[in-house]
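2 protein chains.
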Amino acid sequence: MKVAVIGAGLIGQAWAIVFARGGCQVRLWDGDSAALARALKLLEQQVHELENKQLLSDAASVLARVQTVSSLEEALDGAGYVQENLPERLEVKQEIFAAMDRLSLPDTPLASSTSSIPASAFTEDLPGRHRCLVSHPVNPPYLIPVVELCGAPWTDAATLERTRGLMEKVGQKPVTLHKELQGFVLNRLQGALLREAFRLVESGCVSAEDLDVTVKDGLGLRWSFMGPFETIDLNAPDGVQDYCTRYGGMYESIAQEQTGTEPWSAELVADVDQQRRALLPGSELLNRRIWRDERLMALLLHKKQVDTADLK
Amino acid sequence: MKVAVIGAGLIGQAWAIVFARGGCQVRLWDGDSAALARALKLLEQQVHELENKQLLSDAASVLARVQTVSSLEEALDGAGYVQENLPERLEVKQEIFAAMDRLSLPDTPLASSTSSIPASAFTEDLPGRHRCLVSHPVNPPYLIPVVELCGAPWTDAATLERTRGLMEKVGQKPVTLHKELQGFVLNRLQGALLREAFRLVESGCVSAEDLDVTVKDGLGLRWSFMGPFETIDLNAPDGVQDYCTRYGGMYESIAQEQTGTEPWSAELVADVDQQRRALLPGSELLNRRIWRDERLMALLLHKKQVDTADLK
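Going down the list, the sequences are from chains A and B. So in the numbering used here the end of the first sequence lands on 648, straight run, no missing numbers. So in the numbering used here the end of the second sequence lands on 648, straight run, no missing numbers.
Worth flagging that the hints you see were computed from the coordinates, not collected in a lab. It is possible that part of the hints are untrue.
No distinction is drawn between identical chains; accordingly, a pair holds when it is met within one copy or between any pair of copies.
Said to hold, decoys possible - Under the rule of at most 25 Å between Cα atoms (straight-line distance), these lysine-lysine pairs were calculated in the DSS-like manner: (1) 640 <-> 505; (2) 639 <-> 509; (3) 389 <-> 377; (4) 639 <-> 505; (5) 389 <-> 640.
Given the structure is predicted, the values throughout are model-derived calculations rather than measurements.
Build the full structure now, drawing on both the sequences and the hints.
Quick look at the structure:
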């Protein structure tokens, strides 16, 4: 399977790794040839790092499957799937999707990595609009496997199914959204939790540090291998229905206090920011991101090992 | 340090393990002596299981530190901390706290495990109300370290500090709540996320299964070692303030669609329940809970190992 990755920024590089690790032939293209050359170097470093961390087994052959190309035509030639990663501007998406639709094989899925623009906004007038969709990753997708697949109203089911199949084949965890909605699923869930988190700090109930502890040493443990529905399913003797009978009233009552939609005030944001800076100086952010990625890699390796043990 | 654990149900047993594992002498009491004998057997099994999973190192000496006693007086005699775990009924809490206040050393913290009744509701008229609080665990506390500490308005700071210190000493992760509020912090965060999760299923956007994937293979990974504030702090070049400048508008806009407070409808709950039963028959719930606890144990061991490596 040949995959075209369009745009060689951080997300494009990461997708190239995902597809090459999954056995695909990847053609990576960017309009800026200097950026393309830099991208290839960074990508090589990342692939070796993943091999060091036991998250891929043969860096050399993974890298051999990634080829940079100097034209969009060349990238799309014979491609069975296209992943686009250009800047988040509507006119950029409209222009590149028109070009991709013109230059690619007729039924090849054309997917955008956009996190904020629905596919309907940049595909409506295309002859091949039925094969266009959003495949929204979490950065970086070679460490965070979920991918949200969301078509426009005119995207055909076969496109979504083929894309889902490809994502599974390369080891990602696709989820299918049946309607276009802002924030897709992941950022809507994150937004709901963040809003309550900010509210609790604003009302003086808890510090930002203790709020993080509540998640990382509490809620987040089960969610890292089960998700919220399976969590409640196992938290009452007879499952979800039983859980909602026991605790639905409590959550309904709490929800009455969770309806605010106002912007986070400048004072509140500054307060949380200051609390974070007291825990981690701004000069340490970059090192902490490296730490985060190492923790993510270690967690993925752990999950891979216990998943394998589960299957035995 | 002597710790009294009052009530020998699942939570009482689990607390006995936490304190004994942490080096405390534990006296476990229950009004039902047959229940107390059963509890000790279950507790022994659990301690051996934790030793098998490398989550404690000397089962025999842990068990030697747990003593069952036949009267409340004996349990409280000389205790430096008391953890109460009787049924979740106001009059039960009022009665036991009056007795504990009468029978224990004057400044010993008296803590309830209640998840739904604020300390102010059952301590107002006690001579020793300054040393009463809620220490709310997540079940089972020997696998999920967070403990929410929440006093009544009259609980003194020293009581909260001593309790926090004890929890840290025995390896738990205490968080301090500065106001009484329903659901404390953990269930308020869980409620906010669950409400959006149910809403997304109700509106036909996503299946319950895919929603769980979005968390367990996406959001929940970082939250299992960072929490939501550190996550966003690292997700924009200059931290929380920068993140909120970039994405605050998106979350504000999403929040407009997240204000519903109505009860989860019977149809919606039945739908999610059916989706779960299609994935896991009701007859498998018990086995799956064993699986969950094994996964939690493996995750904790993993976190312990990487935390230790971080410190090097």
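Evaluation of the provided hints:
1. With identical chains, the CA atoms of residue 640 and residue 505 are at most 25 Å apart within one copy only, with a shortest distance of 16 Å there and 33 Å across copies.
2. Proximity of residue 639 to residue 509 under the C-alpha cut-off of 25 Å is found in both arrangements, the shortest distances being 14 Å within a copy and 23 Å between copies.
3. When the C-alpha separation of residue 389 and residue 377 is checked against a cutoff of 25 Å, the pair qualifies only within one copy, where the shortest distance is 19 Å, while the shortest distance between copies is 42 Å.
4. Taking the shortest alpha-carbon separations for residue 639 and residue 505, only the intra-copy value of 18 Å comes in at or below 25 Å, while the best inter-copy value is 29 Å.
5. Taking the shortest Cα distances, residue 389 and residue 640 sit within 25 Å of each other both inside one copy (12 Å) and across copies (18 Å).
Of the numbered hints stated above, none is contradicted by the structure.
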